[in-house]
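Protein chains in written order, with the numbering used here: chain A, 1 to 145; chain B, 146 to 290; chain C, 291 to 435; chain D, 436 to 580; chain E, 581 to 725; chain F, 726 to 870; chain G, 871 to 1015; chain H, 1016 to 1160.
Accuracy of the hints is not assured; some may be wrong.
[Said to hold, decoys possible] One side of the interface only, derived from the structure: several residues of chain E facing chain C at Cβ under 8 angstroms:
no., residue
1, M581
2, D658
3, I659
4, P686
5, K707
6, W709
7, A710
8, Q715
9, E718
10, Y722
11, I723
12, S725
[Stated by the list, open to error] Selected chain B positions facing chain F (Cβ under 10 angstroms, derived; list incomplete):
no., residue
13, G230
14, D259
15, H262
16, P263
17, A273
18, A275
19, Q280
20, Y287
21, L289
22, S290
Since the hints were derived computationally from the structure, they do not count as laboratory data. Built from N, CA and C at the ideal position, the CB exists for glycine as well.
Number of protein chains: 8
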Amino acid sequence: MKLKVYLSGEIHSDWRNKIIQACKDAGLNIDFYSPVTDHSASDAAGDVLGEEDQSFWRDHKSAKVNAIKTRTLIKSCDIAVIRFGDKFKQWNAAFDAGYCAALDKPYITLHDEDIIHPLKEVDASAKAWAQRPEQVVEVLKYILS
Amino acid sequence: MKLKVYLSGEIHSDWRNKIIQACKDAGLNIDFYSPVTDHSASDAAGDVLGEEDQSFWRDHKSAKVNAIKTRTLIKSCDIAVIRFGDKFKQWNAAFDAGYCAALDKPYITLHDEDIIHPLKEVDASAKAWAQRPEQVVEVLKYILS
Amino acid sequence: MKLKVYLSGEIHSDWRNKIIQACKDAGLNIDFYSPVTDHSASDAAGDVLGEEDQSFWRDHKSAKVNAIKTRTLIKSCDIAVIRFGDKFKQWNAAFDAGYCAALDKPYITLHDEDIIHPLKEVDASAKAWAQRPEQVVEVLKYILS
Amino acid sequence: MKLKVYLSGEIHSDWRNKIIQACKDAGLNIDFYSPVTDHSASDAAGDVLGEEDQSFWRDHKSAKVNAIKTRTLIKSCDIAVIRFGDKFKQWNAAFDAGYCAALDKPYITLHDEDIIHPLKEVDASAKAWAQRPEQVVEVLKYILS
Amino acid sequence: MKLKVYLSGEIHSDWRNKIIQACKDAGLNIDFYSPVTDHSASDAAGDVLGEEDQSFWRDHKSAKVNAIKTRTLIKSCDIAVIRFGDKFKQWNAAFDAGYCAALDKPYITLHDEDIIHPLKEVDASAKAWAQRPEQVVEVLKYILS
Amino acid sequence: MKLKVYLSGEIHSDWRNKIIQACKDAGLNIDFYSPVTDHSASDAAGDVLGEEDQSFWRDHKSAKVNAIKTRTLIKSCDIAVIRFGDKFKQWNAAFDAGYCAALDKPYITLHDEDIIHPLKEVDASAKAWAQRPEQVVEVLKYILS
Amino acid sequence: MKLKVYLSGEIHSDWRNKIIQACKDAGLNIDFYSPVTDHSASDAAGDVLGEEDQSFWRDHKSAKVNAIKTRTLIKSCDIAVIRFGDKFKQWNAAFDAGYCAALDKPYITLHDEDIIHPLKEVDASAKAWAQRPEQVVEVLKYILS
Amino acid sequence: MKLKVYLSGEIHSDWRNKIIQACKDAGLNIDFYSPVTDHSASDAAGDVLGEEDQSFWRDHKSAKVNAIKTRTLIKSCDIAVIRFGDKFKQWNAAFDAGYCAALDKPYITLHDEDIIHPLKEVDASAKAWAQRPEQVVEVLKYILS
Chain A
1 MKLKVYLSGE IHSDWRNKII QACKDAGLNI DFYSPVTDHS ASDAAGDVLG EEDQSFWRDH
61 KSAKVNAIKT RTLIKSCDIA VIRFGDKFKQ WNAAFDAGYC AALDKPYITL HDEDIIHPLK
121 EVDASAKAWA QRPEQVVEVL KYILS
Chain B
146 MKLKVYLSGE IHSDWRNKII QACKDAGLNI DFYSPVTDHS ASDAAGDVLG EEDQSFWRDH
206 KSAKVNAIKT RTLIKSCDIA VIRFGDKFKQ WNAAFDAGYC AALDKPYITL HDEDIIHPLK
266 EVDASAKAWA QRPEQVVEVL KYILS
Chain C
291 MKLKVYLSGE IHSDWRNKII QACKDAGLNI DFYSPVTDHS ASDAAGDVLG EEDQSFWRDH
351 KSAKVNAIKT RTLIKSCDIA VIRFGDKFKQ WNAAFDAGYC AALDKPYITL HDEDIIHPLK
411 EVDASAKAWA QRPEQVVEVL KYILS
Chain D
436 MKLKVYLSGE IHSDWRNKII QACKDAGLNI DFYSPVTDHS ASDAAGDVLG EEDQSFWRDH
496 KSAKVNAIKT RTLIKSCDIA VIRFGDKFKQ WNAAFDAGYC AALDKPYITL HDEDIIHPLK
556 EVDASAKAWA QRPEQVVEVL KYILS
Chain E
581 MKLKVYLSGE IHSDWRNKII QACKDAGLNI DFYSPVTDHS ASDAAGDVLG EEDQSFWRDH
641 KSAKVNAIKT RTLIKSCDIA VIRFGDKFKQ WNAAFDAGYC AALDKPYITL HDEDIIHPLK
701 EVDASAKAWA QRPEQVVEVL KYILS
Chain F
726 MKLKVYLSGE IHSDWRNKII QACKDAGLNI DFYSPVTDHS ASDAAGDVLG EEDQSFWRDH
786 KSAKVNAIKT RTLIKSCDIA VIRFGDKFKQ WNAAFDAGYC AALDKPYITL HDEDIIHPLK
846 EVDASAKAWA QRPEQVVEVL KYILS
Chain G
871 MKLKVYLSGE IHSDWRNKII QACKDAGLNI DFYSPVTDHS ASDAAGDVLG EEDQSFWRDH
931 KSAKVNAIKT RTLIKSCDIA VIRFGDKFKQ WNAAFDAGYC AALDKPYITL HDEDIIHPLK
991 EVDASAKAWA QRPEQVVEVL KYILS
Chain H
1016 MKLKVYLSGE IHSDWRNKII QACKDAGLNI DFYSPVTDHS ASDAAGDVLG EEDQSFWRDH
1076 KSAKVNAIKT RTLIKSCDIA VIRFGDKFKQ WNAAFDAGYC AALDKPYITL HDEDIIHPLK
1136 EVDASAKAWA QRPEQVVEVL KYILS
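Turn these sequences into a full structure, and let the hints guide you.
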């Protein structure tokens, strides 16, 4: 059994690397995928298609270019891990969760205890809630056992 | 042509009533649906199934009971209007948007200009962005014209 | 909002009537549907198509005739309530749960506490677990509120 | 032609090994997949995510972690073999059968003659009923011939 | 419970009327639908779109016009009854059966015993095999009981 | 049998009225639906959401508002009639045809003989090609016979 | 580009080998798949699961075992070629065509001119009609060009 | 991450080669697919199946043979690039766009500024609009970064 795991959400801490490295160390047969995690590159994803005066349209174009990547990855993954941090709105992470739920794609949320309440709808459709990357790794180990 | 419109998201202002009343005044053939908008009733939706010591599980049960309602309404509606206000995380609204996107269900976002950037992924899959309930009403009028 | 609710599972107690009557008393806008609950009629559903010497084939024919009814009802309902009692194997009830899960059709399980463990997979995909019909009625009231 | 076969259900006898070994001996081009078959490991699948006082929630968490694995395997397999033994409720096996049926995924049931009647709905949607692992192997041989 | 039943297949005997009349007499809540059963009208369905010299294209145009009707009816029905008589090739009836099977639409075959063998694949995906219209009526009565 | 028919495409001749009136005169049980056929109103559909300097974004917003209406109508119709005239690019009509084809929604094309060649892919997925509204009416009569 | 082609239908002439050999000679990148084409082996496919007195049930069991193979192959192929010969009823071939049509799986029919009329519904949903294996080969060459 | 990209639309300029070559030079992990781009070969695709007197049917047969190829490629690609040039009607390109939209397959349009208005519906469902092949290449680079 081999897994394709998509790592969605927060881009300001090194949670992705922790999971990827620990899975590699454990010899797990997993291919990991991520959105573009460079914040400014992501915001500028659509600039090559022409500059925009209005911030709404610049965002719009970049968000759609990013969607080509993220939707393709979500649709082809076996499992998504969706991380909510303590900064920013992170509505895109919640959007990904809803998208996964509608496609019946299993996902694991990764977030601290203090945001349980606002994330209750997102967690209610998740297959697991982890507080630390190490727990995600343990779940992945179990699935591949 | 008759429309079923689901009003998702923020529950602390009277945007739903404004839309419903204006559409009624205009004689539009629309049935409106909403989640339970009483915050404490929504949080307590699962209590009848047994009390919980852990806040996570109380939230979990309530969120799932609410999901029975909201998913049924999203699946059966023709259009969703998803409102983001200036308070709270509102991850459930973004979750609904992702759910709609995956089902190819058209939705209109309703939010102020100052949250354009964090909502760019949500707006990128929307069919329209409105800043005021009156604009939503005009769009609905047009669709039914 | 009007609901179509399918009542699946155990046929040896009067849980269906309790739910239907209580919802009627509360004036809830619900249409209830059930499989054929007369055990011997259900077992004989296929007999009109010709007698069988082998019990396997008699069962096979009857089960398929019943499936015409139950699948049609599951596919068209908004919510299923699936009851597990203390007698019989009730694999058909668990089958219905799996069928609902794959179709993303929300269901509520109704069973006593002593069978939590063997039902854990069935409950894990349910939107709610109730122990008494009254709790199901309260959930339905909430959904229609 | 190569097949992916998922072996679902009873975990207390060596039916899986019998099928796998016989297919290997026959040189069949089949990849076999199974859920975690260590009963206590399966029950503890969610423990790494935090301990629970309530047995319901411990079961809930473990069942969901197991579901990540089993759903992924069911969705990607070509054929499922679902075994019902003479012990335990095995509602998860019937749940898997219902899930397969809804996805139009062909499955073969494997069980003794004495439980024909309670399994009639499960068998009615199966593509074959086998009583012994050797019969399953013969069917797989035929399919790959 | 109300049923939509589509009556597919053989058009040279009065089996449709027998079923419709008996169900009406029994007060069953069923809407029946049929393809155009006038053979020459059916063959000429596309003539209004322009005459054709080649019989292949005349047939092609008529078959497609008929398909608008039959596909719409199959997709919207709850149950199909598919009749195979003793004349003609009736490949369109078998085609309808395959179409139903792929859509998970339950169907009942209606044919004599002497064509069991060539119909084995069609019967294998059917929910029931009846030899006489009266049996179909009894099955429908049961489903609506 | 009742039909929902969506009339897509060219908006500069009175083909819609001809079909609707003739079907009404013939007493056919059909509900007809159309996009907004007032060209300038259609182009301005998104203006209420805020003015745009760039023609691309003005078009973009209006096209999306129109899509709410047209997609909803296509998804709910039984048959689409798609008209190609002798003016304008009419890529939206071809887009609708592709959308119908992917959803397995039957459609009839209505166009003159001189554009057979450029429409060959669109016609190849159509169920019928008509040159005059009267032919469409005859086909609808037949389907409802 | 590589193709998976499923060769369905008539098993009494060597049309399959002709196509496979010619494609091999032309160096086309195609994997071909077929049902079991040994008539008596196919009829006996279910015998290993236990003997049956009734021919209906023997046929039923064998047809279902064959369906495991044929459905898996149809679902995974890119193109089906469906051959109708001059003997037997061949309802299974028409069934496969209907199954392909519902899944939007492109198929090519292969049959003589004298059965155009009874096959009109099957041909109407086909992407091509060929009269000789050599024509099928040419079409495949073109597709891979 | 590896991408399958389908290049649909205009066949009279070398935009395909520009994109393919630039992606190759950049070492991007992409497999490109195209329809048959030889105009006369494409028009003659169905000739091998028999000559036709009527241009409509010649076109019909060829368009269907081409559809076997193009639909297979669209369904299996991750991204489509759809080019509209300054000549011909190019309704097939708009048809492909509609087909992609219904399947939720992301596509990028490639066309000059002077046809923004007639393409507004096609662009409204696109994930990006590029004016030059170099921009498409940059978007693909970003997606694979």
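Enumerated hints in conflict with the structure, sorted upward: 13, 14, 15 and 16
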